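J.: If you follow the hints, you should be able to join the two separate chains into one complex; please do so.
Residues per chain are reported as follows:
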Amino acid sequence: MDLRYTEEELAFRDEVRAFFKTALPADIRRKCELGQRISKDEMKRWVRILFDKGWATPAWAKDWGGTGWDAVKQYIYKEEMHMSPVPEPISFNVNMIGPVLIAFGTEEQKKHFLPKIASLDYWFCQGFSEPGSGSDLASLRTSAVRDGDHYVVNGQKLWTSTAHHADWCFMLVRTDPAAKKQQGISYLLMDMKTPGITIRPIVTLDGHHETNEMFLDNVRVPVANLVGVENKGWDYAKFLLGHERSGIARVGVSKYRVRRAKQLAQTVMIGDQPLAEEPRFRERVAAIEVELKALEMTQMRVISESMKSQSDKPDPKTSILKIKGSELQQAAAELLMEVAAYDALECDYDFLRGLRATAEADRDWALTTAPNAYFARHVSIVGGSNEIQHNIVAKAILGL
Amino acid sequence: MNFDLSDEQRMLKDSVDRLIADQYDFESRKRHAAQPDGWSRDIWGQFAEMGLLALPFSEEDGGFGGGPVETMIVMEAFGRGLVLEPYLSTVILCGNLLRLGGSPEQRAELIPQIAGGELLMAFAHGEAQARFDLADVAATARQEGDAWVLNGAKRYVVHGDCSDRLIVSARVSGGRRDRDGIALFLVDARAPGVSRRGYVMQNGMRAADVNLANVRVPAEALLGAAGKALPTIERVVDIATAAICTEAVGSMERATDITVEYLKVRKQFGVTIGSFQALQHRAVDMLVAVEQARSMAMFATMMADEEDSAERAKSISAAKVQIGKSAKFVGTQGVQLHGGIGVTEECQVGHYYRHLTVLEMLFGDTDHHLAALARAGGLVGAA
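The listed protein sequences derive, respectively, from chains A and B.
Each residue of the first sequence is one higher than the last, beginning at 1 in the working numbering.
Each residue of the second sequence is one higher than the last, beginning at 1 in the working numbering.
Okay, chain B solo, but in the shape it has when bound (with noise of 0.2 Å):
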């Protein structure tokens, strides 16, 4: 049992914290959302010059062979930085995709344009009838002679506005819930058939909804075994999930130092509001829902690349109820602490309440997984 970093992770640590500190402060990121799309594609290319893009790809296709440790480091620095850029979808939810369940020529094609940060990708899977649940996919594909026909609306597909590359979920066989019958495909976001309607969400990250009618894509198109998709799905939104847990600590982290902060400046009755008993109890108890997020996103960076698949799925559904529940606490309440302030626009703690309230639905909220783990039967064994 160890906690320590490597002298490689260490590096990476310091390099990506000292990007964030120095182009990710409040004001800066403000510039960047007001960029086109949302986000800086300078910043971007900085990512792509740290081999930030390359980070869970093997070295074979052109990576850096970094697991779930490396990407803890950097989401945990996004969190802290409320970074908008894409990296969600086209690294960790596409790369996976990739990485998992890529051809050799697709990973040969791809990966190497995503790691030099020339492509962007999104990951059209979720649906609106679906809520949280994964196998529940009603668009459809169907076989017409060489090609594949897609049809169906995509929801909630994060950097869906961006993307130059989709990787699309549908039905080949099977009802609509069905584990069996679901296939990946890859699709041009500006294929004919392919319209987009991008939003952006609470957090101030870009998402859109995606429609195919009719979309014809060739047989290569296709991403692993027709039909067999949905083991893969779950494991790389296993993997995301963790990586979102993460990025969740940095975000409380940021928070409640930030409210901290505030409690030592701001006076009121004459004194430091933070010698109030009532308002230290307060930011204690933010603390402490802090470090325990941050022991399940370890735990659950620990169990993201466990083969064992009902192994991996109940820790990763404990590490996010936990990550729910602190993310809920430490956002309202670092609002709380602020006072009047903290409910404006340009008080920063407001922004990362917004953001967790968002990581806290994403993959799923609070009830959905504490359900899923009590029907797995927990983590305690009855034996």
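One chain only, chain A, in its complex shape (with noise of 0.2 Å):
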């Protein structure tokens, strides 16, 4: 046993940590730092400086782009990329759409689809979610209907995230409304120039519009576009979950709050010491590191499994790293909008937005530490909430 990093490990640190640094922009360096969301142009600039170097999809198999690092090497260039910080490529390319297609697609769809997602020329969004289709995800409705090459697709998506940006959708689907409900889902991918899609946006709780609703009206997908077989979408679906070990925790992100917050505590004076020097405040510090540790640790564990066991099998351990990773992303978030104090309360979305570089409050940092703690409240939510890894946790680990 030994829980260090390998002397090539530490090397490989050090070698994505200096291309970080020298390779994203000035300019959307200073927007990551500030904690301003980044539009999609800027995105589209960055993923292509890092697919130029390979390393836009290292995860995914090597024929197809991955870069063949191991799990540990993974973890590493993610913490790095949350550390550094430089933004983190669309989540729905990378670890959704991508792996699925390499693991169900054809040798068309591989070759068509594959290159154009890792260089982001196709953004992918994803359907899933209905407006009574949230936790309970295999109710969907949205239907899909043969008509010679085509399905004919009719209904309603919600929270279809980046879909103004989007090129592509990859959605779920109902082609058979007689089958038990997990087995008549289908997988389609449903180019977003297609007539009859109609996109309405949703303003979150930052006051920010990343997500949106998709109303779908007599959408014609090419029947080229199925995943895998007809119906059986809910297994590729499924595949997913508990597949993404490396980075579900985003030990990363949370590591960089805490250290920002250190930083910024600093140059905020309470009378007439810094608040960096408070003991409660170093208290309350210390106690989100130590949590912050053991799920690095447990991140580790979960990891060094992965790469022992020969199963496909998801790990239920993932859920607790969903868990306490998202209340922890959380934590952070609300402790730097803590040393903000009253220079959090200012609204500037323009600012936030990424509209205009600078502020005209002083402290130009703080204006996005309150939008930040908001938004964060959304990753206890997605991806399966807190509380249904809670009953995944309790059925496949303790047998409840």
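Hints listed in this document are in silico derivations from the structure and should not be mistaken for laboratory results.
The model shown is predicted, which means the values in this text are computed figures rather than measured ones.
Even glycine gets a Cβ: it sits at the ideal position worked out from N, Cα and C.
Honestly, I wouldn't trust all of these hints.
Below, a list of computed lysine to any residue pairs in the SDA-like style, where the Cα atoms sit at most 25 Å apart [unchecked claim]:
{"id": "1", "chain 1": "A", "residue 1": "Lys238", "chain 2": "B", "residue 2": "His281"}
{"id": "2", "chain 1": "B", "residue 1": "Lys328", "chain 2": "A", "residue 2": "Ala287"}
{"id": "3", "chain 1": "A", "residue 1": "Lys53", "chain 2": "A", "residue 2": "Val100"}
{"id": "4", "chain 1": "A", "residue 1": "Lys308", "chain 2": "B", "residue 2": "Val69"}
{"id": "5", "chain 1": "B", "residue 1": "Lys264", "chain 2": "A", "residue 2": "Asn386"}
{"id": "6", "chain 1": "A", "residue 1": "Lys232", "chain 2": "A", "residue 2": "Ala287"}
{"id": "7", "chain 1": "A", "residue 1": "Lys73", "chain 2": "B", "residue 2": "Val265"}
{"id": "8", "chain 1": "B", "residue 1": "Lys328", "chain 2": "A", "residue 2": "Gln330"}
{"id": "9", "chain 1": "A", "residue 1": "Lys73", "chain 2": "B", "residue 2": "Leu5"}
{"id": "10", "chain 1": "A", "residue 1": "Lys313", "chain 2": "B", "residue 2": "Phe3"}
{"id": "11", "chain 1": "A", "residue 1": "Lys313", "chain 2": "B", "residue 2": "Glu8"}
{"id": "12", "chain 1": "A", "residue 1": "Lys238", "chain 2": "A", "residue 2": "Pro316"}
{"id": "13", "chain 1": "A", "residue 1": "Lys395", "chain 2": "B", "residue 2": "Ser6"}
{"id": "14", "chain 1": "A", "residue 1": "Lys181", "chain 2": "B", "residue 2": "Val69"}
{"id": "15", "chain 1": "A", "residue 1": "Lys395", "chain 2": "B", "residue 2": "Ile258"}
{"id": "16", "chain 1": "A", "residue 1": "Lys232", "chain 2": "A", "residue 2": "Lys53"}
{"id": "17", "chain 1": "A", "residue 1": "Lys395", "chain 2": "B", "residue 2": "Ala278"}
{"id": "18", "chain 1": "B", "residue 1": "Lys264", "chain 2": "A", "residue 2": "Asn391"}
{"id": "19", "chain 1": "B", "residue 1": "Lys267", "chain 2": "A", "residue 2": "Asn391"}
{"id": "20", "chain 1": "A", "residue 1": "Lys21", "chain 2": "A", "residue 2": "Pro89"}
{"id": "21", "chain 1": "A", "residue 1": "Lys308", "chain 2": "B", "residue 2": "Val149"}
{"id": "22", "chain 1": "A", "residue 1": "Lys111", "chain 2": "A", "residue 2": "His150"}
{"id": "23", "chain 1": "A", "residue 1": "Lys395", "chain 2": "B", "residue 2": "Gly270"}
{"id": "24", "chain 1": "A", "residue 1": "Lys308", "chain 2": "A", "residue 2": "Lys111"}
{"id": "25", "chain 1": "B", "residue 1": "Lys267", "chain 2": "A", "residue 2": "Ile397"}
{"id": "26", "chain 1": "B", "residue 1": "Lys328", "chain 2": "A", "residue 2": "Lys232"}
{"id": "27", "chain 1": "A", "residue 1": "Lys193", "chain 2": "A", "residue 2": "Val268"}
{"id": "28", "chain 1": "A", "residue 1": "Lys73", "chain 2": "B", "residue 2": "Gly270"}
{"id": "29", "chain 1": "B", "residue 1": "Lys264", "chain 2": "A", "residue 2": "Gly399"}
{"id": "30", "chain 1": "A", "residue 1": "Lys308", "chain 2": "B", "residue 2": "Lys267"}
{"id": "31", "chain 1": "A", "residue 1": "Lys395", "chain 2": "B", "residue 2": "Val194"}
{"id": "32", "chain 1": "A", "residue 1": "Lys73", "chain 2": "B", "residue 2": "Ser6"}
Some chain B residues close to chain A (C-beta under 10 Å, calculated; not the full set) [claimed, not checked]:
{"id": "33", "residue": "Gly65"}
{"id": "34", "residue": "Val69"}
{"id": "35", "residue": "Met72"}
{"id": "36", "residue": "Leu100"}
{"id": "37", "residue": "Thr140"}
{"id": "38", "residue": "Ala147"}
{"id": "39", "residue": "Val260"}
{"id": "40", "residue": "Leu263"}
T.: This is the structure in structure tokens:
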């Protein structure tokens, strides 16, 4: 047992760190540090840099653009990405549709889509949730009816984040209304330029527009864009659950926030001493750091087991990573807001959205702290809420 | 980075786990506790035969050459069984003080006796006023010719009641809380001037208050350099803290297992209570607490032999904070999910709760270590 990184792993970490430090354009870096949102064009610029380096999709199969790094290196890469910080490429592309196509797509689909997914020439969004189908996703009702070489899709999707940027959507639709609910679902790829798609923005608590409702009115999707076998779509969606092992806890995101809070607390005065010197503040930070270190070690244990096991079954311990990881991302985001105190209270949405590089307020960094703390509430809801994760662990690990 | 045990470590784990499973079930433990010492000399003999009492000592000293990982394996199993024997005091505390501070003559005399199971030792360091401050030593040692004369009162000496020899800390110079000026002495527990008041702790283990009134020991009784003992004490207490962190994980794991088993058999409203979501989620929270604690116990194990004392102390404090929080949650919620039976003496889960309470306190409680970690600047660098 040796829990330290090897020399090789440390050298790899330094290489990644150095690359991120120099490769990200300065204007985008500034936004990341200030907690501002980055635009579609900025994301595309950055992913192109990663793609040219060959690092846009490290976890993919090597034949399809993966780097061949083991799980420890993938973890190091992600942590450095979060801590640098540089923007994390679109999860829908990298972690979801890419791996699904590699596992279940036809050769034609793989050849056509995978390079464009990796380079972000195709920006994908996800059409899973519906107004009546949140945690109970398998109850979804959007229908796809075969008409010659096409499916005709009708229904409504919800929480289609970045649909307003997206070129494509991977979606779950009901192709057999008579089958039991998990069994009549298919997995389709839909070109967002197809007639019949209406996108309506949803502004979230943070004051930003990232997610949407999507209405589908007789949208014709070629049968060639079916992934895998008709009515087996649920299996492909489930395939991803529990497989995203190296990054689900997002330790680096929380660690970056804690580090930033500690730095900023040195600039905020309480009377005649910096907040960073206040024992109560220091203990609050230390308590988060302890949980974060524990989570990091738990993450490493899951990675280590996944490297040994040949099993393709998802590890239910990833639910633990999700639960603690989301709680800590939220705690760290709140910590930053509390460092900002009064300065967190001013709304400057143009600054948050990155439409303006500078703010009128003195402490520009403070303006994003409350929105980012609000936005962090979604991490314990998205991708199977923490309560659903509890159900999963109760059943799969405890046998209750 | 790897979490694998070596073949030898796996063999050690198998044999210790088997011993605990076979001879330390709840009913057997009651019999061990009813022995005159409050633990079983027979079990102690088996520890000696298995080499557990030789674990931390170097092979030149006649030991097993084990490190923190071997200690983790043993202590986790002990935590599952709620083992009562004086392993922490004799092998981990005094054994490591001897290993790191003892002269070749002292090691040659004492280590074989410890390894053979013939010598029991206890570390008489804590004092009533010191709370968790390791530097707070009021007991004194005065040089008289070739001898030292010790005076003072030591509290909470774990297994101090049955020990043959004590390692006593006393001040040779400086003020009560100075880092400098502390020395360690080997003292025969039956020497003139030594008096002991033994008692049972909340977890069933034995301890003693030890009074030293003009106790004369020869010059050879000094362990390490006079006045320079604190770094060794801190290092050994860090090793011991890592050890009880892993012990606590064993206890938490078993308490959670027992609780989940109970949820599957206890029926109310015509169904097993484990079918209720409120209880399922609480049980999951227990599991999460155990896994987070296990991760930090591994971290503590890794850092227990770190030479950089500041890094080591921070890491050990961080581990103790997580273990303390998890232990409190798992202990109390294990009782809660059992309902009424959980608060009875006959139910196992309460004994785990009581043991975890002791471990949370031992070598500094959660608040103490959180404050220490905060003062030291935490784990995430601000640079």
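J.: Given the hinted pair lysine 264 (chain B) and glycine 399 (chain A), is their Cα-Cα distance within 25 Å?
T.: holds, 9 Å
J.: Below or equal to 25 Å on CA atoms is what counts here, so check lysine 395 (chain A) against isoleucine 258 (chain B).
T.: holds, 17 Å
J.: Hint validation: glycine 65 (chain B) versus chain A, beta carbon distance must be below 10 Å. Holds or violated?
T.: violated, 16 Å
J.: Compare the distance between the alpha carbons of lysine 111 (chain A) and histidine 150 (chain A) with 25 Å, and conclude whether the hinted pair is satisfied.
T.: Holds. Lysine 111 (chain A) to histidine 150 (chain A) sits at ~21 Å (cutoff 25 Å).
J.: Just to be careful, I want the Cα atoms of lysine 73 (chain A) and valine 265 (chain B) compared with a cutoff of 25 Å; is the pair within it?
T.: Violated, because 44 Å separates the two Cα atoms, which is more than 25 Å.
J.: Lysine 73 (chain A) and glycine 270 (chain B): Cα distance at most 25 Å?
T.: The given pair, whose Cα atoms are some 51 Å apart, is violated under the 25 Å limit.
J.: Hinted pair, alpha-carbon criterion (25 Å max): lysine 308 (chain A), valine 69 (chain B). Please report holds or violated.
T.: holds, 20 Å
J.: How about methionine 72 (chain B): closest beta carbon in chain A under 10 Å, or not?
T.: Constraint on methionine 72 (chain B) satisfied, holds at 9 Å.
J.: Take a quick look at whether lysine 328 (chain B) and lysine 232 (chain A) sit within 25 Å of each other, Cα to Cα.
T.: Judged against 25 Å, a Cα distance of about 46 Å means the pair is violated.
J.: Answer holds if the nearest beta-carbon of chain A is closer than 10 Å to that of valine 260 (chain B); otherwise answer violated.
T.: The hint holds - valine 260 (chain B) has a Cβ within 10 Å of chain A, the shortest such distance being about 5 Å.
J.: Just to be careful, I want the Cα atoms of lysine 264 (chain B) and asparagine 391 (chain A) compared with a cutoff of 25 Å; is the pair within it?
T.: holds, 16 Å
J.: Against the 25 Å threshold, does the CA-CA distance of lysine 328 (chain B) and alanine 287 (chain A) hold or violate the hint?
T.: holds, 15 Å
Hint violations for this structure: numbers 6, 7, 11, 13, 14, 16, 21, 24, 26, 27, 28, 30, 31, 33, 36, 37, 38, all remaining hints satisfied.
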